[in-house]
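J.: Spelled out from the first residue to the last, the chains are:
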Amino acid sequence: MKKISRKYRHFIALFLTMSMAGCYSELQDLELGEGFQWSPELGVPLVDSEFTLKDILETEAAGINFNTDERNTIVINITEDSLFSQSASDYFSLNDETIVVPPLILTQEQIDLFNANGSVIVIQEVFVDYPQPSGLSEIVIDRGNLVSQVEENFPADIDLSYSLEDPFNNPIPGYSNFFNYNVGEDPISTAQSASEFRNINFQFGEDSTLSKVKVSFEIEITRVDQDLVFGENSIDLTISFRDMDYGALYGDLPSQDISTEENTINTDFFNQDELLGDIEYYLNNPQFKLTLKNSMGLPVRFDVNNFTTYNDGRPSPEPINSAILLPQAEEGSVAESETDFDSQFKEIVNSLPDSVSLQIDGLIDPNNSPRNYVTRDSYIQVGYEVNIPLELRLSGLEINESFSIDGIDAQDTEYAYFKFTSTNSLPLDLVLTADLLDEDSMVVRNLFDGVELLKGGSTTSPEAISNIIKLEGNLEDLQRVRRVGIRATLATSTPTPPDDFVRISADAAVKFNLAVQAQYTVEF
Amino acid sequence: MKKIIYTLLLISFSLTNTKVFGQSDMISYGLIKTLPQANNLNPAILPDYKFSMGFPGLSGFHTNTAQNFTNMAILFSKDAEGNVDTDNIFNNLRRNNRISTGNTVNIFHLGVRGTTSYTAFSINTKFSSRFSLPRELFALPLYGNASGQLEDGLADLSRLSTKTMGYTEVGLSHGREILAGKMTIGVRIKYLAGHAYADLNSFDASLRTFGNDDFRGDSIQVNSNSFDIRTAGIVGALVNEDNDQEDIIGSLLANRGFGLDLGATYDFTKKIKFFASLNDVGFIKWGSNYTNRLNVPEFQYTFKGADIVELINGEDLSVIDEIDSAISDLDIQSIKNESFSTALTAKLYAGASYELSERQTASAILYSEFFKGAIIPAFTAMYNFQGGTFFNFGLSATVMNGRVNNFGTGMTLNLIPFQLVLATNDLGSIINPIKGRGVDFRFGINHTFGNVNKSKSRAKKNSENTIDTIDLGID
Numbered sequence: 001m002k003k004i005s006r007k008y009r010h011f012i013a014l015f016l017t018m019s020m021a022g023c024y025s026e027l028q029d030l031e032l033g034e035g036f037q038w039s040p041e042l043g044v045p046l047v048d049s050e051f052t053l054k055d056i057l058e059t060e061a062a063g064i065n066f067n068t069d070e071r072n073t074i075v076i077n078i079t080e081d082s083l084f085s086q087s088a089s090d091y092f093s094l095n096d097e098t099i100v101v102p103p104l105i106l107t108q109e110q111i112d113l114f115n116a117n118g119s120v121i122v123i124q125e126v127f128v129d130y131p132q133p134s135g136l137s138e139i140v141i142d143r144g145n146l147v148s149q150v151e152e153n154f155p156a157d158i159d160l161s162y163s164l165e166d167p168f169n170n171p172i173p174g175y176s177n178f179f180n181y182n183v184g185e186d187p188i189s190t191a192q193s194a195s196e197f198r199n200i201n202f203q204f205g206e207d208s209t210l211s212k213v214k215v216s217f218e219i220e221i222t223r224v225d226q227d228l229v230f231g232e233n234s235i236d237l238t239i240s241f242r243d244m245d246y247g248a249l250y251g252d253l254p255s256q257d258i259s260t261e262e263n264t265i266n267t268d269f270f271n272q273d274e275l276l277g278d279i280e281y282y283l284n285n286p287q288f289k290l291t292l293k294n295s296m297g298l299p300v301r302f303d304v305n306n307f308t309t310y311n312d313g314r315p316s317p318e319p320i321n322s323a324i325l326l327p328q329a330e331e332g333s334v335a336e337s338e339t340d341f342d343s344q345f346k347e348i349v350n351s352l353p354d355s356v357s358l359q360i361d362g363l364i365d366p367n368n369s370p371r372n373y374v375t376r377d378s379y380i381q382v383g384y385e386v387n388i389p390l391e392l393r394l395s396g397l398e399i400n401e402s403f404s405i406d407g408i409d410a411q412d413t414e415y416a417y418f419k420f421t422s423t424n425s426l427p428l429d430l431v432l433t434a435d436l437l438d439e440d441s442m443v444v445r446n447l448f449d450g451v452e453l454l455k456g457g458s459t460t461s462p463e464a465i466s467n468i469i470k471l472e473g474n475l476e477d478l479q480r481v482r483r484v485g486i487r488a489t490l491a492t493s494t495p496t497p498p499d500d501f502v503r504i505s506a507d508a509a510v511k512f513n514l515a516v517q518a519q520y521t522v523e524f
Numbered sequence: 001m002k003k004i005i006y007t008l009l010l011i012s013f014s015l016t017n018t019k020v021f022g023q024s025d026m027i028s029y030g031l032i033k034t035l036p037q038a039n040n041l042n043p044a045i046l047p048d049y050k051f052s053m054g055f056p057g058l059s060g061f062h063t064n065t066a067q068n069f070t071n072m073a074i075l076f077s078k079d080a081e082g083n084v085d086t087d088n089i090f091n092n093l094r095r096n097n098r099i100s101t102g103n104t105v106n107i108f109h110l111g112v113r114g115t116t117s118y119t120a121f122s123i124n125t126k127f128s129s130r131f132s133l134p135r136e137l138f139a140l141p142l143y144g145n146a147s148g149q150l151e152d153g154l155a156d157l158s159r160l161s162t163k164t165m166g167y168t169e170v171g172l173s174h175g176r177e178i179l180a181g182k183m184t185i186g187v188r189i190k191y192l193a194g195h196a197y198a199d200l201n202s203f204d205a206s207l208r209t210f211g212n213d214d215f216r217g218d219s220i221q222v223n224s225n226s227f228d229i230r231t232a233g234i235v236g237a238l239v240n241e242d243n244d245q246e247d248i249i250g251s252l253l254a255n256r257g258f259g260l261d262l263g264a265t266y267d268f269t270k271k272i273k274f275f276a277s278l279n280d281v282g283f284i285k286w287g288s289n290y291t292n293r294l295n296v297p298e299f300q301y302t303f304k305g306a307d308i309v310e311l312i313n314g315e316d317l318s319v320i321d322e323i324d325s326a327i328s329d330l331d332i333q334s335i336k337n338e339s340f341s342t343a344l345t346a347k348l349y350a351g352a353s354y355e356l357s358e359r360q361t362a363s364a365i366l367y368s369e370f371f372k373g374a375i376i377p378a379f380t381a382m383y384n385f386q387g388g389t390f391f392n393f394g395l396s397a398t399v400m401n402g403r404v405n406n407f408g409t410g411m412t413l414n415l416i417p418f419q420l421v422l423a424t425n426d427l428g429s430i431i432n433p434i435k436g437r438g439v440d441f442r443f444g445i446n447h448t449f450g451n452v453n454k455s456k457s458r459a460k461k462n463s464e465n466t467i468d469t470i471d472l473g474i475d
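Chain order of the listed sequences is A and B. Residue numbers for the first sequence follow my numbering, beginning at 1 and rising by one. Residue numbers for the second sequence follow my numbering, beginning at 1 and rising by one.
Hints may contain errors.
[To be verified] Below, computed lysine-lysine pairings styled on DSS-like, alpha-carbon distance capped at 25 Å:
| id | chain 1 | residue 1 | chain 2 | residue 2 |
| --- | --- | --- | --- | --- |
| 1 | B | 304 | A | 455 |
| 2 | B | 304 | A | 511 |
| 3 | B | 33 | B | 126 |
| 4 | B | 304 | A | 470 |
[Unchecked claim] Residues of chain B placed beyond 10 Å of chain A at every Cβ, according to the derived structure:
| id | residue |
| --- | --- |
| 5 | 225 |
| 6 | 228 |
| 7 | 285 |
| 8 | 308 |
[What the hints assert, rightly or not] One-sided excerpt, in silico: chain B residues whose CB lies under 10 Å from chain A:
| id | residue |
| --- | --- |
| 9 | 73 |
| 10 | 83 |
| 11 | 218 |
Hints in this document: simulated from the structure, not taken from any laboratory. No residue lacks a Cβ here, since even glycine has one placed at the ideal position from N, Cα and C.
Chain A with its partners taken away, still in its complex shape:
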């Protein structure tokens, strides 16, 4: 046992010595790798969206409203209140008027008083008729400019002032001036003034006082070097009412023509450059309505003339002509009228017209009624409202688009997978082809080759689709990519009988997810 033990110990000692010597010498040979290669595989979700068609339409179509009908179908609503709008002032106005105040001459008593005392004060009121505009029984002038011209020939100093009023004691700005007489000079003096007035009223009826302007003079005449002689001197005043805006006109207003030029509206929305294909569509219930408003105290008649549609440049054989009569409005209210053209509109829209043209004439007070009125705020307005419930068929809509990009640097990328997932409850199919193109429009890589991105489903049974684009292999050719070409084909899915169209409800949505998985290599 002792011998074995010693032998064992010797063996262990020898073994340990050799092992340690060998292994420790290997320590010197240890050498770290020259570099470090890092190739992580990353998976990242990029897009998680759920949207209805209404969400998209509301975003993309400014000025268009989207409502729902009683079946929760999306209804596109386009409203234009003032396709045609004119105010009463476009047709009716007040002419400038001038009134001449009778010359103001001093009485003998006033002259005697002047000659005796060296001065005299004269206070006098004069009423002058305002001219009656043709056919009107009353005018309310909202504003205007008053121009006064005074001429006098007294060989004395004159301190003149006067004021004006309408028949209802509404003041009109007056005037005052001091006319200085220098001995030996010509005694004739003139002066002119202008001022703005507001809110005066004249009535031209049996009571003639209601159409007169009241002029109130106050004159102080002071001697300079001589006495006055009766009948040789006067003060002449001329007053002009100009640039007037009326507040209201009452009476027998004359008839007025309304005329617009012929309008041509291009409707070839589906023949733009990026939209190709043999499109067929059908809208089941499009609605078009003209809305007309009249706040004038006169009836108005509109004539829609030659509403014509054009297909491939050929006009429709039977243009539409229609007349719409708006009754006169009660004062302070607006008369409104609506006229539907649903059946015509459906026919027009579904015939895929290139353009439509129409011309609108009109006549204010077509029957020349004797008692009518207009106010400052009176207007006539023509608008329209289009409602298109999304009950439709669509096929052959092909959208071609391309985006410029300046190469894809993928030299460190081992692969990249893009996963598209959609769950669609819209009754729409979307098929996509996408290519990466070089500067000569040659295909570098095909991303999608007629891949069905959306498959028509319903709110009760939405359709789910998942596709993965795989970019792998030699990705250096992506450096040559200059454009991404996309061709998308959109169509409605097969209708469910008895309907021959699909109905897009407001709660039908697309849930769309996009994620990327990629591996890239970085060397340190």
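Model the placement of chain B on the given structure of chain A, informed by the hints.
T.: Leaving out everything else, chain B in the frame of chain A:
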């Protein structure tokens, strides 16, 4: 005997299938007859010296650093292109990758052997640290979240944990023979002064990338249950920014605790002996003045992508607001001055020895740690050659750290009046550092006097007229 072998085989088999890890000091168990500090492993074992003493700085230290997932040969391996072979490094990782370090400095040791008893007083400063790093922690940054290295896209980080503790123990032990010398029992009572503590408690977080084998990346879910990061002692003081000298000193001394070691041996026959010890049953209460608990609340977030409708609308992406609010809502609380207690890592040694000859002994030792409610076992087969008190040699083979080739060796050499101690529990790492997985080394110088077996040796020498043993001990 068959039952014992059968039991040991069962344990051995289970250990080879279990990735275990622990800080045992098996080789000291093999030197227990001559190494005074081995009494720390079992207070019921009575060293042969009548008197032993260790002085500060001389009586020894034991350092252990180990991990279970790599070695220099792996770290320096190269792939076909001469780069660092990360695949090889990663493929050698385990499900749980553990790093531990433990250092024990024997400040003072004094032992007195009576006829049937042994009483010792010792002061030891210990520092230990453990890190558990799940394989996914490396897989995620190295291979990415969509890699097949993550099973079903799940990066489960719940096994991430760490615990670091430093303390000084002042122990008084007493062991004595009973049952007419057939059995010894012993106990050590320890006063503990905690110096530093940090742990990451109940961390439970995961990152899952949903998908399948064809594509992964549909969505990413981050999930973390509430967890605490606790610090105490000087670490707590530094975290709380209590940096002045008074606080530093206070934090090192303000934490108290108690510990208990229990041990027993039983001479089943003349050749067969059973022994067992349960060590470090105790706790340290970390004083409230220098503690910090960083509570990270529950956090969950699933990222599915951005809303493209918002992009089309030119709006700000709501997903960014969601992430911002999820992070800003994360109310991480730093709670100071909250006293808490931590248990010591209890260790169980149990085994049997068989006396091959008068100087040679074979032992089988089962070692278990009780950590976080789990038992972390190791098994050691030990050969011991004892040349009296002059020379004691041990060689062990331990199944630990998930491998069966963890050898240890050690010896005590008595050079009058000093005893030199050299030992390692990881001989493989010393012999072959390229494939070594750690460092374990014990060194020390003790003063030992007297030998209780001297009279027996002399009697034997006289009766057989041999010189099998050389006793250089000093009475």
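J.: The structure should be examined with respect to each hint, and the outcome stated for every one.
T.: Cross-check of the supplied hints:
no., hint, in the structure
1, B:304 <-> A:455, "holds (22 Å)"
2, B:304 <-> A:511, "holds (12 Å)"
3, B:33 <-> B:126, "holds (23 Å)"
4, B:304 <-> A:470, "holds (21 Å)"
5, 225, "holds (24 Å)"
6, 228, "holds (31 Å)"
7, 285, "holds (46 Å)"
8, 308, "violated (4 Å)"
9, 73, "holds (8 Å)"
10, 83, "holds (5 Å)"
11, 218, "holds (5 Å)"
Figure legend: structure checked against the earlier numbered hints; the only hint not met is number 8.
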